[in-house]
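Trainee: Spelled out, the chains give:
There are 2 protein chains.
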Amino acid sequence: MNEKIKWLREKIRGLDMQGMIVSNPLNVKYLTGIDAEGVLLITRKENYYITDSRYLEDVQSTLTIDDGIIVYNMSDISSYDYENFFSFCENVGFEESYITYATYKNYMQRYKANHLEETDNMIEKQRMIKDEKEIELLTKACELTDQCFTHLLEFIQIGMTEKQIAYEIEKYFLENGAESLSFETIVASGQNSSKPHAKTTDKKIEEGDPITIDFGCKYKGYCSDMTRTIFAGYVPEKVKSVYELVLKNQLQTLNDMKEGASIRILARNVDNDFRLNGYSLVHSLGHGVGLEIHEQPFISSRNDNTLKANMVVTNEPGIYLPGNFGVRIEDTVLITKSGCINLTKSDKNMIIVGK
Amino acid sequence: MNEKIKWLREKIRGLDMQGMIVSNPLNVKYLTGIDAEGVLLITRKENYYITDSRYLEDVQSTLTIDDGIIVYNMSDISSYDYENFFSFCENVGFEESYITYATYKNYMQRYKANHLEETDNMIEKQRMIKDEKEIELLTKACELTDQCFTHLLEFIQIGMTEKQIAYEIEKYFLENGAESLSFETIVASGQNSSKPHAKTTDKKIEEGDPITIDFGCKYKGYCSDMTRTIFAGYVPEKVKSVYELVLKNQLQTLNDMKEGASIRILARNVDNDFRLNGYSLVHSLGHGVGLEIHEQPFISSRNDNTLKANMVVTNEPGIYLPGNFGVRIEDTVLITKSGCINLTKSDKNMIIVGK
Chain A
112 MNEKIKWLRE KIRGLDMQGM IVSNPLNVKY LTGIDAEGVL LITRKENYYI TDSRYLEDVQ
172 STLTIDDGII VYNMSDISSY DYENFFSFCE NVGFEESYIT YATYKNYMQR YKANHLEETD
232 NMIEKQRMIK DEKEIELLTK ACELTDQCFT HLLEFIQIGM TEKQIAYEIE KYFLENGAES
292 LSFETIVASG QNSSKPHAKT TDKKIEEGDP ITIDFGCKYK GYCSDMTRTI FAGYVPEKVK
352 SVYELVLKNQ LQTLNDMKEG ASIRILARNV DNDFRLNGYS LVHSLGHGVG LEIHEQPFIS
412 SRNDNTLKAN MVVTNEPGIY LPGNFGVRIE DTVLITKSGC INLTKSDKNM IIVGK
Chain B
112 MNEKIKWLRE KIRGLDMQGM IVSNPLNVKY LTGIDAEGVL LITRKENYYI TDSRYLEDVQ
172 STLTIDDGII VYNMSDISSY DYENFFSFCE NVGFEESYIT YATYKNYMQR YKANHLEETD
232 NMIEKQRMIK DEKEIELLTK ACELTDQCFT HLLEFIQIGM TEKQIAYEIE KYFLENGAES
292 LSFETIVASG QNSSKPHAKT TDKKIEEGDP ITIDFGCKYK GYCSDMTRTI FAGYVPEKVK
352 SVYELVLKNQ LQTLNDMKEG ASIRILARNV DNDFRLNGYS LVHSLGHGVG LEIHEQPFIS
412 SRNDNTLKAN MVVTNEPGIY LPGNFGVRIE DTVLITKSGC INLTKSDKNM IIVGK
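Note that the protein sequences, when read in sequence, are chains A and B. Per my numbering, residue 112 is the first one in the first sequence, and the count goes up by one each step. Per my numbering, residue 112 is the first one in the second sequence, and the count goes up by one each step.
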């Protein structure tokens with residue numbers, strides 16, 4: 112049985128549950144490597160994965176005998192079989208933040224469980240700590256992102272639209288080994304950069320525009336996330352002090368991020384420094400990155416936890432002056448015992464493009 | 112108050128509910144035009160939409176006074192306010208197939224409702240029947256899809272990869288007024304076409320390949336869906352009879368689709384004719400299309416309903432010979448009282464490209 116399934120079985124036992132229904136495909140992928148539609152059943156004795164004929168071949172080739180997972184085609188399973196998976200179980204765990212109320216009721220009926228027990232995102236919480244293999248894939252996704260950024264610095268010209276740039280990013284990723292974008296690219300130029308959650312538009316890049324580019328890719332299921340604000344032609348005077356303030360705080364956060372650091376204090380420090388200068392931090396300072404682009408831990412002043420070694424999180428302070436301009440600088444970083452390692456390594460000084 | 116909200120209020124009353132919490136953003140968009148994150152509350156007296164500061168401006172500009180919807184910023188609402196929305200209500204409806212079990216429990220607590228009542232996808236069911244404006248947008252999405260197909264016939268060359276073609280489709284749509292793809296494009300050539308749910312790969316198009324292209328775009332929120340199987344260089348002899356059989360059944364279905372037609376019989380007729388020839392229909396014959404690419408009604412032999420005027424559905428028979436090749440032909444069609452209208456109008460005869 113693999114280490115992750117072993118962990119889950121022990122966790123379940125510790126919570127006095129006799130089994131668990133794992134429905135979230137990302138949690139299934141995390142625990143087993145399986146990338147399909149189906150449900151993983153952890154029962155008293157065995158582990159089962161139930162899928163349909165579309166995925167059967169693929170699932171069988173993903174698993175080895177050591178995984179200790181019995182695979183079923185759902186069309187071969189009777190209602191009687193379903194009732195037997197958890198017979199004589201008092202408490203069976205389920206993912207209350209993933210399955211709908213309708214699915215919950217369906218599970219209650221199908222498995223004839225005495226009681227389905229909430230599990231408080233325990234697998235998602237475990238996913239915060241990445242193993243060696245996961246760190247390797249995240250590193251690769253970040254490398255591709257750096258390479259794409261280098262390419263963009265040559266590519267971007269004044270007069271191009273934001274959409275053209277976003278489009279080039281997707282093209283670059285797909286042609287260079289990424290499987291997809293990790294989220295919809297944001298290219299926000301000029302006034303558009305003043306929105307923290309800007310949409311990419313048909314606006315053309317003009318001389319003097321700050322251009323905020325927030326982008327990333329997925330590599331073998333794992334995400335990257337990076338933002339840079341760069342400049343078309345020249346850096347307007349009004350932007351410089353804001354840029355320096357954001358960069359200073361991004362570097363300071365990088366300096367402070369390590370195992371044991373208080374998440375709340377990290378976020379509060381940035382907000383405090385912004386406020387001293389007449390601004391504020393209007394969004395989170397960062398978030399976990401892994402199989403999902405936004406996952407736990409969320410780096411905000413409302414989070415009372417501390418960072419742990421092998422978490423991978425973003426560090427993304429930003430300042431936005433509505434109707435005017437905005438600056439955001441973001442890296443994806445790996446937390447270690449003694450500090451943190453930037454996985455995205457692109458230049459963070461003010462960069463001028465389109466000259 | 113707009114017609115759709117009026118309909119919902121009457122429906123709720125008929126079901127002896129005193130209110131409803133609408134959480135699915137597509138249902139909110141359908142009912143109100145609002146394209147944001149938030150929740151629509153239908154209460155005894157008023158309609159409220161609760162969102163956050165990111166969307167407030169956009170939502171206010173979408174609504175008119177006639178909509179009769181009061182918009183709140185969620186940060187202005189106290190827990191006391193939440194409790195008051197449904198005070199003295201016995202039954203308040205919710206979308207059991209959309210919200211998670213955790214959200215259900217959260218709603219129970221937040222709104223202090225006596226009882227949250229399942230609503231059996233009643234808004235999704237209402238969404239099956241499209242109004243004039245919706246049909247206009249669906250027609251436009253289908254027109255763009257036809258134009259893209261015409262462009263592809265010139266574009267595709269032997270030696271290109273499947274991904275290059277998929278990529279060109281996305282580029283065409285974005286440059287010609289669509290907001291996005293309606294789903295991930297399938298380009299499946301040669302042997303790959305033998306999988307009903309193929310993934311687009313780096314395989315190059317070779318002479319004699321059948322190429323199944325399944326694609327569509329979104330226009331102002333509304334989806335299109337079309338499939339054609341075309342041929343690189345020439346049509347292999349072995350494919351011809353299969354192609355003709357699929358096309359015959361696609362045309363026959365088109366002929367039979369109209370208000371009152373039994374969905375089950377439509378699907379069964381195709382399966383029967385395929386079986387007479389030694390094949391079978393391994394997937395549904397079609398599905399509804401609207402704000403979602405796959406929505407009700409599902410055109411399969413398990414559906415006991417009949418078609419209704421102003422439904423928009425796909426008609427997509429296919430035959431797949433594992434490891435060999437496959438053929439699928441799909442249109443998006445509008446059902447009327449007396450027949451149906453193809454919204455996708457591209458040529459369905461065998462087309463040769465790359466010559």
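Hints were generated in silico from the structure; no laboratory data involved. Misleading hints may appear alongside valid ones.
Given that identical chains are not distinguished, each listed pair holds provided it fits within a single copy or across any two copies.
[As the list claims (entries may be wrong)] Calculated cross-link-like contacts (lysine to aspartate or glutamate; reagent style DMTMM-like; alpha-carbon spacing at most 25 Å):
1) Lys-315 to Asp-169
2) Lys-274 to Glu-254
3) Lys-244 to Glu-207
4) Lys-310 to Asp-146
5) Lys-329 to Glu-279
6) Lys-315 to Glu-121
7) Lys-351 to Glu-286
8) Lys-282 to Glu-114
9) Lys-314 to Asp-169
10) Lys-314 to Glu-290
Trainee: Does each hint fit the structure? Answer for all of them.
Mentor: Cross-check of the supplied hints:
Proximity of Lys-315 and Asp-169 under a CA criterion of 25 Å is satisfied inter-copy only: 22 Å between copies versus 45 Å inside one chain copy. Taking the shortest Cα distances, Lys-274 and Glu-254 sit within 25 Å of each other both inside one copy (23 Å) and across copies (22 Å). Taking identical chains as interchangeable, the C-alpha atoms of Lys-244 and Glu-207 are never at most 25 Å apart, the minima being 28 Å within one chain and 38 Å between chains. For a Cα distance limit of 25 Å, the shortest separation of Lys-310 from Asp-146 across copies, 13 Å, qualifies, whereas the shortest one inside one copy, 30 Å, does not.
Within a single copy, Lys-329 and Glu-279 get their C-alpha atoms as close as 16 Å, and across copies as close as 21 Å, so both meet the 25 Å cut-off. In this assembly of identical chains, Lys-315 and Glu-121 lie within 25 Å of each other by CA distance neither inside one copy nor across copies; the values are 56 Å within and 48 Å between. Taking the shortest Cα distances, Lys-351 and Glu-286 never come within 25 Å of each other, neither inside one copy (35 Å) nor across copies (35 Å). For the identical chains of this complex, Lys-282 and Glu-114 are neighbours neither inside a copy (37 Å) nor across copies (44 Å), given an alpha-carbon limit of 25 Å.
In this assembly of identical chains, Lys-314 and Asp-169 lie within 25 Å of each other by CA distance solely across copies; the values are 19 Å between and 44 Å within a copy. When the C-alpha separation of Lys-314 and Glu-290 is checked against a cutoff of 25 Å, the pair qualifies only between copies, where the shortest distance is 15 Å, while the shortest distance within a copy is 28 Å.
In summary, the numbered hints that this structure violates are 3, 6, 7 and 8.
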